[in-house]
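Trainee: In order, the protein sequence lines correspond to chains A and B.
Just so you know, this note's numbering puts 43 at position 33 of the first sequence, and the rest follows in order with no gaps.
Just so you know, this note's numbering puts 136 at position 117 of the second sequence, and the rest follows in order with no gaps.
Wrong hints could be hidden among the right ones.
[To be verified] Here are the in silico distance ranges between beta carbons for each label pair:
no.: 1; chain 1: B; residue 1: T121; chain 2: A; residue 2: I303; range: 52 to 62 Å
no.: 2; chain 1: A; residue 1: N232; chain 2: B; residue 2: I29; range: 48 to 58 Å
no.: 3; chain 1: A; residue 1: K120; chain 2: B; residue 2: Y221; range: 50 to 60 Å
no.: 4; chain 1: B; residue 1: N242; chain 2: A; residue 2: E129; range: 57 to 67 Å
no.: 5; chain 1: A; residue 1: G149; chain 2: B; residue 2: K217; range: 52 to 62 Å
Hints in this document: simulated from the structure, not taken from any laboratory.
The beta carbon of each residue, even a glycine, is placed where N, CA and C say it ideally should be.
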Amino acid sequence: MKTDVIVAEHIKHTYDGKKYVLDDLTFNIKKGEVFGLLGRNGAGKTTTIKILTTLILPSEGNVNILGYDIRKDGLEIRKRIGLVQQLPSIEFTSVEKNLDIYGMLWGLSKKERKEKIEELLKIFDLEDVRKKNAIDLSGGERRRLQIAREFMHNMDILFLDEPTVGLDVVMRRNLLNYIKKLVNKGLTIVFTTHLLEEAEYLCDRITVIDKGKIVAIDTLENLKAKYGGKRTVEFRIKNIDLSKLANMININSNDIKINDDRLIILTENPYDIIEAVIEAVKKVNGKIEWLNIRDKTLEDVFLNVIGEENDIS
Amino acid sequence: MRKMTYPKIIRLILRNIRVNSDPGTLLILIGMPAMFLIFFSYGYGSMLSSLGLSYISYAKFLAPGMLAYETLIAGTAAGSMLWFDRRWGSLAQILAMPFTRTDYLLGLILTTVVFAIMGNVVLLGISYILIPGLRFSVIGILIMVSVLVIGSLLFGSFMLILASYIKSQNAYNSVQILIIFLINFASTVFYPATSLPKVLIYLFYLNPLTYIANLMRDGFLNNIGTTDLYELILLTIISIIFLLIARRSYMRSEIKFE
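Just chain B, same shape as in the assembly (with noise of 0.2 Å):
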């Protein structure tokens, strides 16, 4: 009897992890958003400070925006390996071997809930230096982790939707970018909703990366009230829907095996 030294999903995790582990790899998923903070909370926030339009120091109101980004940076992960692994033959190596689809799937959203974590630990390490005197409280590093997982496992499951149904490597990355810029400026990432024309402020309110960056903030800021609650909630039950249409699509994309 063979030795299983961790548990499948562990194993595809772990796999995953140390094939997506490249320099150019790492530098999107964790050095972008870090790059982001440090840049944009300088050039942004003494331009702001200046015009005195500052209620908080920009670092203060975009390293949460940078922890919620970095659930949609990290979710794009499951979506490109994905791709890579149907291109590249290993999807069809794994599924020989004593794992599911579902395992398979599994893997690739929990990875990027690793990718997540990882990228917010540097962030939270550049805002300690950019932010004095932070502290967090237990309910809002709650919050935060709470939010963190939720929001890859959304992103990480919006993103293999795409990549099951989009026929092409191309197309896909072309719709992958698409949909990151549209997703990460209409939310309250970079800046507040509040001076918004009223449509866009619906178009904010309806897009999920908006709740994560405000439940984010409010972890951030221990500024935690009952909406939080609710919202987290509404995050968890898309999730859960996002989930289940990932796995649909994705069982029915590879059918017909290439």
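Bound conformation, chain A alone (with noise of 0.2 Å):
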């Protein structure tokens, strides 16, 4: 059984003493997990990110991270995690500069240096601006150098706060698949992002933090089917009156949708649905054109979710 690499207990953080942004938060997060943080802007992702890198004590609650507590042991527990933080942050010395600096304040020797910036440079795809200023760089380039720094040392955690954003799709898909391999080789991961289909991509587990509060937290498979609602079967159908066909089929006319051509139905049963359109389109002699099954995604969950705390329709 896998290990709790981090507990959290009834965190409560506030900066001002009066509002908490942070609101009894309670996790835990195990060896190797990549653990999803979303949530809106706002919503407390940061200053949780901010507590479990040791950056600020919680107001109130218990952290343990890797067997330490926040409140005594920040330096050891910061001897074995990394950050990407939200913000860039970057030094104004070339690329390759950039990245021996950060490898000696972490303690590595000049050897140990120079081979990993040539194998970051490579898979950061830094190689043709390693003699450039960082300052001459786009920004998407900084947010790759920014990244790129945080692997120049080893570590058991590694907290990556909105990570991708500026970075194009081809290398945001690599940088996906790099910490996928180094989550196979034990590394753990606590992720926030806006993108959802990158926490669909990359999480083992997801939390939805909303209003300082944790409104839902458990695997993907299980957010769907609790908040999924229901999939989506499309059909693009010729030649006939889809309102005719739809009195046809026995389903809750709030779960039917025309538009055009297409028929949209909500269900819980794609399949027998499917059937049920087949035998009917027969009957009136039409003709399934096309026809879609659209999976519960994560951005169902998330509106579902944010939307019974907020009123989101």
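Got two chains here, separate frames each, mind docking them using the hints?
Mentor: Okay, here's the thing in structure tokens:
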């Protein structure tokens, strides 16, 4: 059984002594897990990351990271974690020097630094700009440098606070695949993002935070089952009156939508619905040209969960 | 277990030096006092001697003044580095690494000492060229090195106090320029206090740079007396007080992390 590397109990945090930006967060993260923190802007994701990386202490509650108490053993914790901040963070010197300085700060020898720099320049596609000053890089290149720099050292837990902002699609996918590789080697990741497909691709478990509270926490499959709502089956049917066809199918009228030549049905059992529609179409001599079943997505989960809390419709 | 190459404070100092060793910064930190020494020695030196006012050559008066001034200029680097690191996310990044806030603070202040040493080495080199027959005594060198370290600690801490309290970078830059101007010209760096009106003399002797310049001058000219010892003790006490205030203000200001 995998051990817990992070145990957070009843974390509360306030910056002004009045309003709680985190309100009673309790969760645990296992070794080798990719744990996603999702939420709207200002939900409390970054404050959670700051607490877990010991940059700030929680106003209330306990956090234990890798067996160390966050209040007493910050230094020990920081020896074994990495952080890619949401805000840009670079030194205004060359790309190579940025990586070298970071490796030096982590106590790597010159030889280790040299090897690691070559490896990371290649992985993060920074070889062509290695001599360029970071101030002259594009936004995406700077972000790549900031992420690459974090891999100069070995760690047990990596905190990624919206790491892919500003990256192009190819680089984003490369990064996610690189992270997956490291996760297979035992690295634990705590990940915040607004790109839900990224979280879906990468995360083993997801927590949705809203107004400083956890409103959902589970595996992706369980979240989809619980909050994903119904699946969508979409048909394109020619030569028949779709409203008549809809009446022939035994389904709640709220779950049927007609859009030009398209019939869209929300259902828990898409295959039963497909059978029923095929039969009904045969009866009226129609023709199904195309059909599509859309799975529940994390976006559906997110909107349903946050919608419940915020009355989004 | 990771092999640690240098102690962590040394790593922070090396980082600060590497990040701040761009030509512009070095020109201000090291080049400016050197240029003052060269141009003012020639310019004012010849003017003062033509007026018959020089009891020693102006270069001989100004060189230790510039060594003292270097501690002030190097001290400003501490405040600027803190601002820059806060603005560009490096502070949060370093504090998420195995460094404490005190490590970071000491790293900044000790970097100013290193910059002051570098500047003073350059200034001494120029002094040897400008002042024929320049010789130092061992005690003189000891006094100068002690004053250099204490002075950089003092001004480094002072600038960190300002950087911790002032909320915008523009305001910090303006205040810094004003303070450099006031501290510099209300001191014995460029001219002696003896010929000034009494009110100004009091102002001069409230200014730590006056003591730093006087001590530097006594060490430089091998003119050491018991007053120097008292002044050195006084400066050390002021530096420690400033260092403690800097630590306190910096710790307080960083609780609310940006």
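Trainee: All hints, please: hold or fail.
Mentor: Here is what the structure says about each hint:
1. About 60 Å separates the C-beta atoms of T121 (chain B) and I303 (chain A), a value consistent with the hinted range of 52 to 62 Å.
2. For N232 (chain A) and I29 (chain B), the Cβ-Cβ distance of about 50 Å falls inside the hinted range of 48 to 58 Å, so the restraint holds.
3. K120 (chain A) and Y221 (chain B) have their C-beta atoms about 54 Å apart, which keeps the hinted 50 to 60 Å range intact.
4. At roughly 60 Å, the beta-carbon separation of N242 (chain B) and E129 (chain A) lies within the given 57 to 67 Å, and the hint holds.
5. In this structure the hint that G149 (chain A) and K217 (chain B) lie 52 to 62 Å apart at CB holds, the actual value being about 60 Å.
Checked against the numbered hints listed earlier, the structure breaks none of them; every hint is satisfied.
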